[in-house]
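J.: Sequence:
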Amino acid sequence: MTAPLVLYTVADRIATISLNRPEKRNALNPELVSLLTETLLMASDDDEVKVIILKANGNTFSAGADLAYLQQLQQNTHEENVADSENLKNLYTTIYYLPKVVIAQVEGHAIAGGCGLATVCDIIFAVPEASFGYTEVKLGFVPAIVSCFLMRKTSETIAKKILLTGDLFSAEQALAYNLITYVTNKEDISHTVLEFAHKLCNEASGNALMVTKQLIGQTTNPGLEKSLSLAVQINARVRESEDFKKGIAAFISKEKINW
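To convert, count from 1 in the sequence shown and add 192; that's the working numbering.
Don't read these hints as lab results, they were simulated from the structure.
All C-beta atoms in this analysis are idealised placements derived from N, C-alpha and C, irrespective of residue type, glycine included.
Accuracy of the hints is not assured; some may be wrong.
Unchecked claim - Below, simulated SDA-like cross-link-like pairs (lysine to any residue); rule was C-alpha separation at most 25 Å, straight line:
hint	residue 1	residue 2
1	K391	V202
2	K216	P320
3	K330	P291
4	K448	G358
5	K418	T286
6	K353	P320
7	K391	M402
8	K391	R205
9	K391	K216
10	K345	P291
11	K448	E432
12	K352	K438
13	K216	E272
14	K405	E432
As the list claims (entries may be wrong) - Using C-beta positions, here's what the derived DEER-type ranges look like:
hint	residue 1	residue 2	range
15	E215	P414	37 to 45 Å
16	E240	E434	45 to 53 Å
17	N279	E434	40 to 48 Å
18	N450	Q264	35 to 43 Å
19	E434	I408	37 to 45 Å
20	A195	G358	30 to 38 Å
21	Y289	T201	17 to 25 Å
22	E278	K438	23 to 31 Å
23	L233	S421	15 to 23 Å
24	K353	I426	14 to 22 Å
Can you build the whole structure from these sequences, using the hints too?
T.: Set out below in structure tokens:
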């Protein structure tokens, strides 16, 4: 029997949502993206839940898109690429607009779409060993959707540095860039995250948390939806470019890309 891609548990008003694809380094594909979105919405509607922890099983938080998914993208029509881009946008906006606080517990590398998944959460804890990075440009792709959130978290200078180079960076650098909230030792992170979640549950009004999160989102990102609509179209268009096809073909065959 195939294990579920996403696990969901609730205890003491805290929902824990775990990516459960460790054999694929929790790589994102359409099924996982849709199921994760559905699970987040289920937690939002669950009256027993006040705070959500998002984590991953295995040694990697998420390595971004998986190999089979990248192969499929080369066969997609423009309409299919738009729909797929909307799917990823819906995951990010679900977290961003969810009326409950979402805490990311990052205990492994968070790359490309996986980096976006982590950094779009409200509070982000990471272990020092975790690496972050938006590596899309190295494959002839663009981090279109996540850039809409990234530009509100860090400066244009930092955004250009990490998006244009595609280089990986450490958890300490992610903290300095304002992409994450805390760096916590691996042996302490589970306890620390749970303690933080309990503190929110016990010391803050659920309604006040919801309204405060909405206030921050609406006042700092008034043009977010317009930016995301444009990003979805850019995402789909770039997937049809020759550079994207070249980059993905080289990645799949494990060949060095000569740009």
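J.: Each of the hints needs a verdict: does it hold here or not?
T.: Right, here's what the structure says about each hint:
| no. | hint | verdict |
| --- | --- | --- |
| 1 | K391 to V202 | holds (16 Å) |
| 2 | K216 to P320 | holds (22 Å) |
| 3 | K330 to P291 | violated (36 Å) |
| 4 | K448 to G358 | holds (15 Å) |
| 5 | K418 to T286 | holds (16 Å) |
| 6 | K353 to P320 | holds (21 Å) |
| 7 | K391 to M402 | holds (15 Å) |
| 8 | K391 to R205 | holds (11 Å) |
| 9 | K391 to K216 | violated (34 Å) |
| 10 | K345 to P291 | holds (19 Å) |
| 11 | K448 to E432 | holds (21 Å) |
| 12 | K352 to K438 | holds (23 Å) |
| 13 | K216 to E272 | holds (24 Å) |
| 14 | K405 to E432 | violated (37 Å) |
| 15 | E215 to P414: 37 to 45 Å | holds (42 Å) |
| 16 | E240 to E434: 45 to 53 Å | holds (51 Å) |
| 17 | N279 to E434: 40 to 48 Å | violated (24 Å) |
| 18 | N450 to Q264: 35 to 43 Å | violated (25 Å) |
| 19 | E434 to I408: 37 to 45 Å | holds (41 Å) |
| 20 | A195 to G358: 30 to 38 Å | holds (32 Å) |
| 21 | Y289 to T201: 17 to 25 Å | holds (23 Å) |
| 22 | E278 to K438: 23 to 31 Å | holds (25 Å) |
| 23 | L233 to S421: 15 to 23 Å | holds (21 Å) |
| 24 | K353 to I426: 14 to 22 Å | holds (20 Å) |
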